[in-house]
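Asker: One line per chain: the protein sequences are A and B, in this order.
Using numbering that gives the first Met the number 0, you'd call the opening residue of the first sequence number 0 and step up by one each time.
Using numbering that gives the first Met the number 0, you'd call the opening residue of the second sequence number 0 and step up by one each time.
These aren't lab readings, by the way, just hints derived from the structure by calculation.
Just so you know, not all the hints are guaranteed correct.
Listed below are several chain B residues computed to face chain A (Cβ distance under 10 Å; list not exhaustive) [to be verified]:
id	residue
1	Pro9
2	Leu10
3	Met31
4	Ala41
5	Asp43
6	Leu51
7	Gln54
8	Leu57
9	Arg63
10	Ala67
11	Ile79
12	Ala90
13	Ala102
Here are some chain A residues the structure puts well away from chain B; computed CB gaps all over 12 Å [unchecked claim]:
id	residue
14	Arg23
15	Ser24
16	Ala96
17	Gly315
18	Asp444
19	Ile479
20	His494
21	Thr502
22	Pro532
Output of the computed footprint for chain B on chain A, the stretches with three or more beta carbons under 8 Å from beta carbons of chain B [as the list claims (entries may be wrong)]:
id	stretch
23	248-262
24	292-304
Beta carbons: idealized from backbone N, C-alpha and C, even for Gly.
What follows is the residue order along each chain.
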Amino acid sequence: MTSTAPRQSTGHQQSLRTEILEARSVNLDGFVEEWPEKGLVAMESAFDPAPSVRVEDGRIVELDGKLRDDFDFMDTFIANHAIDVTSAEESNALPSAQVARMLIDPSVSRDEVLAVTRGLTPAKVLDVVKLMNVVEIMQGMQKMRARRTPANQGHSTSARDNPIQVAADAAEGALRGFAELETTLGVLRYAPLVAIALQVGAQVGRGGVLTQCALEEATELELGMRGITAYAETISIYGTESVFIDGDDTPWSKAFLAGAYASRGIKMRFTSGTGSEVQMGNAEGKSMLYLEIRCILMAKGAGVQGLQNGSISCIGVPGAVPGGLRAVAAENLVASMVDLECASGNDQSFSHSAMRRTARAMPQLLPGTDFVCSGYSSVPNADNMFAGSNFDTEDFDDWNTIQRDFQVDGGLRHVREDEILQAREKAARALQAVFAHLDLPPITDDEVVAATYANSSNDYPFRDVLSDLKGAQSVMERGITGLELVKALESSGFHDVAENLLTVLRQRVSGDLLQTSAILTADFVPLSAINDPNDYAGPGTGYRLEGERWEQLKKLRHVTSSTNPETEVG
Amino acid sequence: MTALTRDDYPLSINRPELLHTPTGKPITALTMDAVVSGELSAEDLRISPETLQLQAELAEASGRPQLAGNFRRAAEMTAIPDADVLAMYNALRPRASTGAALAELADRLETTYSAPVCAALVREAAEVYERRDLLARPTGDDD
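Using the sequences plus the hints, can you model the full thing?
Answerer: What follows is the structure, encoded as structure tokens:
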């Protein structure tokens, strides 16, 4: 959010200390007072409904103070699909404090919590999480996250939509540890080339990394159907009927789309977040978190495996009101406590203050989530076509250090320069070969060298954009699929990359990645909430950063040797 | 065959013998040699309805009935061509279809594609859209 001009002092002499504080970056951020009547309030509003539920003949006839005849389409969808009718009355009758305590009590298992939460109404869920402070929210997240092993997602984009940059940065991002990589475009027609580049680069960096290209629904689905991308997440849902309609969708159209993705073997999650309804001008006087809980339950009812939430592109809104980031942490917890995969935000930039940016991520980084960021900019923010992320390439070493300081796994690791250069060069070479094989505009050796050593899109030779766009169009017209990419890689000597991509493509035949919170390990083992369920049960249990992974995360760019203080290890 | 349990997951590793492409090839036939020799088409890299039913069993066994329901709708949708799937999605957007058009769509899902679970979703949508004024008006009845 842009801030308004600060109030000027009138005539009074300002202290030197005030001048210093005025100049601090945090004072460039925007802050506003709450306005509950308009929904500009995080999670404590007198206008939110009180919880209630009544079931007759196996059907919910009253939900949070409304009778079925008065339900809007969100109420209807949630009542018909999200809430377990057999347990609803009993679960909602439990005191909210008891449910909140179950969430943080290590002697209550995740499954026991789910047996209760599957019957809760949106207002009841809100009533429960309102009792929790941010540390309790983190405790809840630690236990309720669906997958035992946390992971991270990166953005790999280019301000010039330069496919070579995207390939090289994807390779580096994959090597650094992102389990998923996402791209999008400045010029949408570039999408096929950039999506190909992302896929090839990712499989060079680390086989099994999943890629996606965020576009409007039809093209995004088409690239997925062709096997050029592996998953999708920009399927937006909203917490009020009016805003949902403004987005030209309904819960039923989105539920249908969820089925469409699964029918093509493509992993998919929805996207929602606090603040979107008030930002789009129709929060219907409800708090941001109440509306987000409706989204979460709608996603659950649609049978989609997961959700990207945590305010996402609206983070400036909750970020501007009191308790806003507590509400953001709470919405991640709610997604996890109703058993959805949670890609937990920490993506769009929202603050000028480095201290505030770091603090914003703690409720997700410390307990761990399915994807701590959704995503972290694995390109410089100036190249981030998702409007910049809360973290970017300049923060890699800080992130790695924080992981090491607190012994927490945020999904990344320090990688030595020589390995990075090798991966970047190989990605650019592999893409060069693929482009040549597919008769796409050539990639020069100069571009490969640039990609190896570059930081940002400014460090690359200009592409012939018109030729590229023609090439991109021909990819669509010729019906090029993931299979052609495999052939191109194999026939040009990139056998290992070809095998990696084929293995990713083969996964869609098995459908294993459709299950909740699924990622692919470096050994191509699908890891989901089924075979890697979160088994946290108090100190010493659940995911612990230890063994080989902890040894990896102890490494930083500069660590002094204990045996020879004159040298560095790593 | 007995129902799958959580221990069968991941199917690609624990139960590959259950997995076939829509063209009837076993998943083990999806090798690099087969790619290079041109034996495989894009159709071979799609998921089959049977596999989606297996994943639905796993979702059910893991306490995720809604996810299982989504996989069952998806199993039905494997028979629907890509362009038709997108057209059906567009037909479900607010005020995109009349009540009659949605009723026809539901019938077509049932009769042409043997997709009763998808048809039920469309019929439910039609009912809610009518109540919430989200149906398109019949042609000739425009304001």
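Asker: Failing hints, ascending?
Answerer: Hints 13, 19, 20, 21 and 22 contradicted; others consistent.
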